Amino acid sequence: MTEPVLSVRNLQVEFAARRGTLRAIDGVSFDIAKGEVLGVVGESGAGKSVTGLAVIGLIDPPGRIAGGEIRLAGLRIDNLPPEEMRRVRGKRIGMIFQDPLTSLNPLYKVGDQIVETIRTHLNLSESAARRRAIDLLAEVGIPAPEKRIDGYPHEFSGGMRQRVVIALAICAEPELIIADEPTTALDVSVQAQIISLIKRLGRDHGTAVMLVTHDMGVIAETSDRVAVMYAGRVAEIGPVQDVVKNPLHPYAKGLMGAIPTLAGEDKRLVQIPGSMPRLSAIPRGCSFNPRCASAFDRCRVDRPEPLSRGTQSVACHLYDTAPAETAA
Amino acid sequence: MLAFTLRRAIQAIGVMIAVGIIAFSMFRFAGDPVNQMVGMDTSGAERAAIRKSLGLDDPVIVQFGRYIGNAAQFKFGVSYQFRLPVTNLLIERMPATLELAICATIFAMVSGILMGVYSALRRDSWLAHVFQAVSLIGISLPTFLIGVLMIYLFSVTLGWLPSFGRGDVVHIGWWTTGLLTLTGLKALIMPSITLGLFQMTLIMRLVRAEMLEVMRTDYIRFARARGLTTRAIHFGHALRNTLVPVITVAGLQFGSVIAFAIITETVFQWPGMGLLFVQAVQNVDIPIMAAYLMMVSLIFVTINLVVDILYTIVDPRLRSTVSQAH
Numbered sequence: 001m002t003e004p005v006l007s008v009r010n011l012q013v014e015f016a017a018r019r020g021t022l023r024a025i026d027g028v029s030f031d032i033a034k035g036e037v038l039g040v041v042g043e044s045g046a047g048k049s050v051t052g053l054a055v056i057g058l059i060d061p062p063g064r065i066a067g068g069e070i071r072l073a074g075l076r077i078d079n080l081p082p083e084e085m086r087r088v089r090g091k092r093i094g095m096i097f098q099d100p101l102t103s104l105n106p107l108y109k110v111g112d113q114i115v116e117t118i119r120t121h122l123n124l125s126e127s128a129a130r131r132r133a134i135d136l137l138a139e140v141g142i143p144a145p146e147k148r149i150d151g152y153p154h155e156f157s158g159g160m161r162q163r164v165v166i167a168l169a170i171c172a173e174p175e176l177i178i179a180d181e182p183t184t185a186l187d188v189s190v191q192a193q194i195i196s197l198i199k200r201l202g203r204d205h206g207t208a209v210m211l212v213t214h215d216m217g218v219i220a221e222t223s224d225r226v227a228v229m230y231a232g233r234v235a236e237i238g239p240v241q242d243v244v245k246n247p248l249h250p251y252a253k254g255l256m257g258a259i260p261t262l263a264g265e266d267k268r269l270v271q272i273p274g275s276m277p278r279l280s281a282i283p284r285g286c287s288f289n290p291r292c293a294s295a296f297d298r299c300r301v302d303r304p305e306p307l308s309r310g311t312q313s314v315a316c317h318l319y320d321t322a323p324a325e326t327a328a
Numbered sequence: 001m002l003a004f005t006l007r008r009a010i011q012a013i014g015v016m017i018a019v020g021i022i023a024f025s026m027f028r029f030a031g032d033p034v035n036q037m038v039g040m041d042t043s044g045a046e047r048a049a050i051r052k053s054l055g056l057d058d059p060v061i062v063q064f065g066r067y068i069g070n071a072a073q074f075k076f077g078v079s080y081q082f083r084l085p086v087t088n089l090l091i092e093r094m095p096a097t098l099e100l101a102i103c104a105t106i107f108a109m110v111s112g113i114l115m116g117v118y119s120a121l122r123r124d125s126w127l128a129h130v131f132q133a134v135s136l137i138g139i140s141l142p143t144f145l146i147g148v149l150m151i152y153l154f155s156v157t158l159g160w161l162p163s164f165g166r167g168d169v170v171h172i173g174w175w176t177t178g179l180l181t182l183t184g185l186k187a188l189i190m191p192s193i194t195l196g197l198f199q200m201t202l203i204m205r206l207v208r209a210e211m212l213e214v215m216r217t218d219y220i221r222f223a224r225a226r227g228l229t230t231r232a233i234h235f236g237h238a239l240r241n242t243l244v245p246v247i248t249v250a251g252l253q254f255g256s257v258i259a260f261a262i263i264t265e266t267v268f269q270w271p272g273m274g275l276l277f278v279q280a281v282q283n284v285d286i287p288i289m290a291a292y293l294m295m296v297s298l299i300f301v302t303i304n305l306v307v308d309i310l311y312t313i314v315d316p317r318l319r320s321t322v323s324q325a326h
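Residue numbers (this note's numbering), protein chains in the order written: chain A, 1 to 328; chain B, 1 to 326.
In isolation and in its complexed conformation, chain A is listed as follows (with noise of 0.2 Å):
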């Protein structure tokens, strides 16, 4: 098996508040091969754009990499020296973030922006990095891209702007992109094209992909495999047809049966009970648990370890008792 592009073990995260340590994220381990779309779906604060900013080094104080070890093509960059950090920053990861209304700097042409960080990762002229700015304006789709490398980014809509963006993040023709709820602002209709831009230029370049998202539409539709989070751990992470359509962890399987569908007949929405626990609050054992309807004596106490079932893999002490009789 070649090495994955990206490799992350026993990742832990951790803020310093005010009453001790929190801990955001807490053994996650994924891996993500080359070209491939890893989804990291999961409620608000589970831990899925901490695990990006992780991997890029953007983790800022109080908060910081408390173990584990994350790998880029076999090179261990969560110890590297913050100015090497840096070079791989954009080099060798590119980052999209949610709101690209704000993710450009308003006082700058947008090709000055792109031309910039191609100059600080690559050894071109100016007039290299610009050539290279339009093409690859012209490669993310935003039209007459000769004319559009001198507008300020207040002239370009919300869904021009995350090309843009994405233009920026890719500029350097990094091994790895992060996206962080990239189509979250968006229209919708806005959202079905920057994903399948994501898709198409991951492809295309044999990137890999780290999509962070809690829209399992999004992921269903471009991801190749899925790691589910939940308060800060994995809890199922598996090839994405096979977690959607057969999920084992009672979490995932919520979260799935939560996604309406046209078909259903006026029948409630289906929820999870109870709400995700806070960071200084996690239970014991499985930090599920209290949600859980299939939780017995065993989740209160111990913490499930990642088990593999198949393809899938999940967090859950019901498959560790009995491998025999599967999901039940």
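For the record, the hints were derived by calculation from the structure and aren't laboratory data.
Treat the numbers as computed from the prediction; the structure is a model and nothing was measured.
Please note that the accuracy of each hint is not assured.
Calculated from the model, a selection of chain B residues having no Cβ within reach of chain A, i.e. all distances over 10 Å [to be verified]:
{"id": "1", "residue": "LEU6"}
{"id": "2", "residue": "ARG7"}
{"id": "3", "residue": "ALA12"}
{"id": "4", "residue": "VAL19"}
{"id": "5", "residue": "ILE21"}
{"id": "6", "residue": "ILE50"}
{"id": "7", "residue": "VAL62"}
{"id": "8", "residue": "ASN88"}
{"id": "9", "residue": "LEU149"}
{"id": "10", "residue": "VAL170"}
{"id": "11", "residue": "HIS234"}
{"id": "12", "residue": "HIS237"}
{"id": "13", "residue": "GLY251"}
{"id": "14", "residue": "ALA259"}
Listed next, with one range per pair, are the computed distances between beta-carbon atoms [claimed, not checked]:
{"id": "15", "chain 1": "B", "residue 1": "LEU114", "chain 2": "A", "residue 2": "ASP60", "range": "23 to 29 Å"}
{"id": "16", "chain 1": "A", "residue 1": "GLY158", "chain 2": "B", "residue 2": "LEU180", "range": "56 to 62 Å"}
{"id": "17", "chain 1": "A", "residue 1": "ASP135", "chain 2": "B", "residue 2": "THR5", "range": "35 to 41 Å"}
{"id": "18", "chain 1": "A", "residue 1": "GLY310", "chain 2": "B", "residue 2": "ASP124", "range": "49 to 55 Å"}
{"id": "19", "chain 1": "A", "residue 1": "ASP60", "chain 2": "B", "residue 2": "ARG240", "range": "40 to 46 Å"}
{"id": "20", "chain 1": "A", "residue 1": "SER308", "chain 2": "B", "residue 2": "ASP124", "range": "42 to 48 Å"}
{"id": "21", "chain 1": "B", "residue 1": "THR229", "chain 2": "A", "residue 2": "GLU146", "range": "50 to 56 Å"}
{"id": "22", "chain 1": "B", "residue 1": "ASP124", "chain 2": "A", "residue 2": "SER44", "range": "28 to 34 Å"}
{"id": "23", "chain 1": "B", "residue 1": "ARG8", "chain 2": "A", "residue 2": "ASP60", "range": "40 to 46 Å"}
{"id": "24", "chain 1": "A", "residue 1": "ASP204", "chain 2": "B", "residue 2": "LEU127", "range": "46 to 52 Å"}
{"id": "25", "chain 1": "B", "residue 1": "ASP124", "chain 2": "A", "residue 2": "GLY217", "range": "42 to 48 Å"}
{"id": "26", "chain 1": "A", "residue 1": "GLU146", "chain 2": "B", "residue 2": "THR5", "range": "30 to 36 Å"}
Backbone N, C-alpha and C fix where the C-beta goes; we use that ideal spot for every residue, glycine too.
Go by the hints and put chain B onto chain A.
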């Protein structure tokens, strides 16, 4: 853009006329100017003749029209105490005040921005705390006290700097400058710092607050995610975004610097317009007071206009709203 500038200019003229009304009314409420000009033994007929020759017996509205008309041509009448045209007196003293104000503003902006940027980026360093403490002193201590303390330290005790006056000046046309002689430069140091200290602390605190604000924005986070150098992020992206409010404050403060120069000029016996104004107040020399009022407002209004135009240069978003507006 042109229409925008024109509209702002018309507004500015409106403001100036309003100030003109106030300046003019000073003449009418500060006693009879004729009494100020003549001795005790002047007869009633002579007073009436002076009054007539000065046009003081015309209806108020006619006098006001004449005053504004003259003011528009920079004629502000004759000083009661010096018996010279007020305009000449002001022009003669303007270079001193402007040089002082410009030096004070440059001092305030350069050190204010540097200190502000530093204390925003190295928030917890001891030097940042020192800057914060200094800025507190600068904001709370009155100008004259700082001036007097500096005179005591640098002129009386150490004898390094002159305690009053402009030193030697060089005439360039009608302009006199102290920037070209050593004594002139030395004389500028303390008054400039005294005058600029308040502005400096203001700018420093503003830059610090704005910079901290900007550093939290998404586009700075995105700039970091793009792998830009810290230097490019801090000085290319963050600082430029803090400059819009800084330009506003520094610009508007330039007017205050000229106005506050009254106190600094008095402390350092600086031969500028402020000192002239203080003497005018002591002698109820209303033409000078009125002219000074008009001139300071003119400076304020002009600066406002310039600041508005500068905005559009720094911030492209305003450029398009401005061009859409007409």
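Outside-interface status for LEU149 (chain B) - nearest CB in chain A farther than 10 Å: holds, 40 Å
ASP135 (chain A) paired with THR5 (chain B), Cβ distance criterion 35 to 41 Å: holds, 40 Å
Interface exclusion of ILE21 (chain B) relative to chain A, criterion Cβ beyond 10 Å: holds, 41 Å
Cβ separation of ASP60 (chain A) and ARG240 (chain B), checked against the hinted range 40 to 46 Å: violated, 22 Å
Nearest-CB test (10 Å) between chain A and ARG7 (chain B): holds, 23 Å
GLY158 (chain A) paired with LEU180 (chain B), Cβ distance criterion 56 to 62 Å: Because 57 Å falls inside the window, the suggested range holds.
23 to 29 Å as the expected CB spacing between ASP60 (chain A) and LEU114 (chain B), which holds or is violated: Hint holds: Cβ distance 25 Å, inside 23 to 29 Å.
Beta-carbon spacing of ASP124 (chain B) to SER44 (chain A) - inside the hinted bounds 28 to 34 Å or not: Since the Cβ atoms of ASP124 (chain B) and SER44 (chain A) sit about 31 Å apart, the hinted range of 28 to 34 Å holds.
ASP204 (chain A) versus LEU127 (chain B) beta-carbon gap, inside 46 to 52 Å or not: 50 Å Cβ-Cβ, so the 46 to 52 Å window holds.
Distance restraint hint 42 to 48 Å, applied to the beta-carbon atoms of ASP124 (chain B) and GLY217 (chain A): For GLY217 (chain A) against ASP124 (chain B), whose Cβ atoms are near 45 Å apart, the range 42 to 48 Å holds.
ILE50 (chain B) remote from chain A - nearest C-beta pair above 10 Å: holds, 61 Å
Nearest-CB test (10 Å) between chain A and HIS234 (chain B): The claim holds: HIS234 (chain B) sits with its nearest Cβ about 13 Å from chain A, beyond 10 Å.
The structure fails to meet hints 12, 19, 21 from the earlier list, while all remaining hints are met.
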